[in-house]
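*Asks:* Here's the letter readout for the chains.
2 protein chains.
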Amino acid sequence: MQSVLELHTYLSDELKQVDSTLKASLETPVPIIKTLGINILSAGGKRLRPLLTLASAKIFTPTPPLEAIYLASAVELIHTATLIHDDVLDESQLRRGVKTANNLWGNACSILVGDFLFARSFELMVKCNDFNILTKLSKTSGLICQGEVKQLTLLNNTETSTADYFDVIKLKTASLFKTACFAGAKIAGATNDEADIMASFGENLGISFQIIDDILDYSQTAEAMGKQPGDDYLEGKMSLPVIELLKIKPDLKPIFLDKNMQNFETIKQEMFNHDIFSLCYQQAQSFTTKATQNLKYLPENDIKNNFSNVAHEVLNRAA
Amino acid sequence: MQSVLELHTYLSDELKQVDSTLKASLETPVPIIKTLGINILSAGGKRLRPLLTLASAKIFTPTPPLEAIYLASAVELIHTATLIHDDVLDESQLRRGVKTANNLWGNACSILVGDFLFARSFELMVKCNDFNILTKLSKTSGLICQGEVKQLTLLNNTETSTADYFDVIKLKTASLFKTACFAGAKIAGATNDEADIMASFGENLGISFQIIDDILDYSQTAEAMGKQPGDDYLEGKMSLPVIELLKIKPDLKPIFLDKNMQNFETIKQEMFNHDIFSLCYQQAQSFTTKATQNLKYLPENDIKNNFSNVAHEVLNRAA
Numbered sequence: 003m004q005s006v007l008e009l010h011t012y013l014s015d016e017l018k019q020v021d022s023t024l025k026a027s028l029e030t031p032v033p034i035i036k037t038l039g040i041n042i043l044s045a046g047g048k049r050l051r052p053l054l055t056l057a058s059a060k061i062f063t064p065t066p067p068l069e070a071i072y073l074a075s076a077v078e079l080i081h082t083a084t085l086i087h088d089d090v091l092d093e094s095q096l097r098r099g100v101k102t103a104n105n106l107w108g109n110a111c112s113i114l115v116g117d118f119l120f121a122r123s124f125e126l127m128v129k130c131n132d133f134n135i136l137t138k139l140s141k142t143s144g145l146i147c148q149g150e151v152k153q154l155t156l157l158n159n160t161e162t163s164t165a166d167y168f169d170v171i172k173l174k175t176a177s178l179f180k181t182a183c184f185a186g187a188k189i190a191g192a193t194n195d196e197a198d199i200m201a202s203f204g205e206n207l208g209i210s211f212q213i214i215d216d217i218l219d220y221s222q223t224a225e226a227m228g229k230q231p232g233d234d235y236l237e238g239k240m241s242l243p244v245i246e247l248l249k250i251k252p253d254l255k256p257i258f259l260d261k262n263m264q265n266f267e268t269i270k271q272e273m274f275n276h277d278i279f280s281l282c283y284q285q286a287q288s289f290t291t292k293a294t295q296n297l298k299y300l301p302e303n304d305i306k307n308n309f310s311n312v313a314h315e316v317l318n319r320a321a
Numbered sequence: 003m004q005s006v007l008e009l010h011t012y013l014s015d016e017l018k019q020v021d022s023t024l025k026a027s028l029e030t031p032v033p034i035i036k037t038l039g040i041n042i043l044s045a046g047g048k049r050l051r052p053l054l055t056l057a058s059a060k061i062f063t064p065t066p067p068l069e070a071i072y073l074a075s076a077v078e079l080i081h082t083a084t085l086i087h088d089d090v091l092d093e094s095q096l097r098r099g100v101k102t103a104n105n106l107w108g109n110a111c112s113i114l115v116g117d118f119l120f121a122r123s124f125e126l127m128v129k130c131n132d133f134n135i136l137t138k139l140s141k142t143s144g145l146i147c148q149g150e151v152k153q154l155t156l157l158n159n160t161e162t163s164t165a166d167y168f169d170v171i172k173l174k175t176a177s178l179f180k181t182a183c184f185a186g187a188k189i190a191g192a193t194n195d196e197a198d199i200m201a202s203f204g205e206n207l208g209i210s211f212q213i214i215d216d217i218l219d220y221s222q223t224a225e226a227m228g229k230q231p232g233d234d235y236l237e238g239k240m241s242l243p244v245i246e247l248l249k250i251k252p253d254l255k256p257i258f259l260d261k262n263m264q265n266f267e268t269i270k271q272e273m274f275n276h277d278i279f280s281l282c283y284q285q286a287q288s289f290t291t292k293a294t295q296n297l298k299y300l301p302e303n304d305i306k307n308n309f310s311n312v313a314h315e316v317l318n319r320a321a
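Protein chains in written order, with the numbering used here: chain A, 3 to 321; chain W, 3 to 321.
So here's chain A without its partners, still in its complex pose (with noise of 0.2 Å):
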């Protein structure tokens, strides 16, 4: 992803901050809370809304504050609380390509440490000293949960809607993006308004972010996701390929609901047949559109046009 590399490099020392400040977010005296934290913090993930937060402080000051940091590192203690978590309820063994927390320590240490890396993202957040920003980022974590437990009570329901979907992923993915990026225009002087278009922005970067993985889950090889190939399938995760191809297909819903992996094959070769990738990609397609409008409401700047590349390059990844 040759643009967010860029912001990669870009932003280099503000993300080098935000990995000492995650570091310093798991000192306790409780040794394993560290080992756990580490592991998954240093497993290969892309920063990517941490670095949402840092680029979208430097499109309204080209020296965000030190609070900035604490927000891109509250970001993502709150996603990693979460990923912790979400293994533990998914029962998953792997994720980019290693074991899991639960995997390795048991279910009982990853929920705990869930529930810490969450305590240490509010630490950060209160840090900030602003309460506009406060208020929202508080609300995301309750929101992220909602989605959590509106997609848990959907699994394996048949008759879940597209739009059941949207509110699902829109609550349990896009409200962190949107936050993200809300949290860092603010801290960094954007005005109320300009801090809600990049809300926008994310909420919709982070929709089409979703929709793809949602895709990808199905039409990717087990290497290439780094984690159990049918995954979503097996949980009977209700995602947008599935919804779209038990509309055209109603006959498969019996071959979605019997668990196995010739099944789940047959399920690949349907979405294939019925180009059903193609339809939800457009869907994901509709949002990247929407999330770069956004972006022509702010002043003209370098990572303003690199965002925009930044959302086509989310929309058309491999993995």
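Derived from the structure by calculation, the hints contain no laboratory data. Treat the hints loosely; a few may be bogus.
Put simply, identical chains are the same to the list, so a pair is met inside one copy or across any two.
To be verified - With a straight-line cut-off of 20 Å between C-alpha atoms, the simulated PhoX-like cross-links for lysine-lysine are:
| id | residue 1 | residue 2 |
| --- | --- | --- |
| 1 | K141 | K129 |
| 2 | K172 | K138 |
| 3 | K25 | K129 |
| 4 | K292 | K141 |
Mind docking chain W on chain A? Use the hints.
*Replies:* Just chain W, lined up with the frame of chain A:
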């Protein structure tokens, strides 16, 4: 508990507001969150922690501000979230005599609703608009997690020292009692010194509370506890009665480690035989004494005198 009941009566208006705030916190477009949340919040908890916040506020002002209600509610939400996650970790089937959330709705939902309550507690804290309190409260969640993780790493470790035990309970239990009292005092206009005294009172009370809790897990009947007998034993929790017993009778270590209900009865009997409960009670008592001594440094008033009685009731409770 006469004095706790008196506090309940004295603060009944404020407690009703806390209950309304807690219920409002559960309002989401995802119905199961509310169902599960109400189930645990209405399961007959003593509301001891919010009571401490409200009463601590009342020591310093006859009319605590609305923020005291938010803080008391935030404290109870943190506690409730911790309970929900604890029940998942411990695979508990009953709490306060009713089925646990994980028993009724499964682990996945319990983990997420616990996360949701943490998030909502943070939203309430933010509404208090006081960075000093916010910093303490946000740290407290992290301390609780550290205590829980440390407890987890010490399960069935028969070399656990009393120092380790006190580390664990200060973090997992006393830290929230401490912050509950600090926050109530501070929001009601206490000086920093006064708020610190209230914090010490809360910490000492919390330590005493947890020691008694740990005694009761071995000394009480299942009926009185409202949960399964021997839970702590079966999990391998290195609580004070166990540590003290194994100090005197190290030959019981294999019996403690070989989990079955007959061995549980043997351990209990040996605790009675060696006066372990009295020994632990004395330690709890020493913290109650410290707690009541803390109160001496505060202005005279009715609630302060009641607090001293509360501390003794916590020490002498039977369940």
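*Asks:* Let me make sure I understand: some of the numbered hints might not hold for this structure. Which ones are they, in numerical order?
*Replies:* 4
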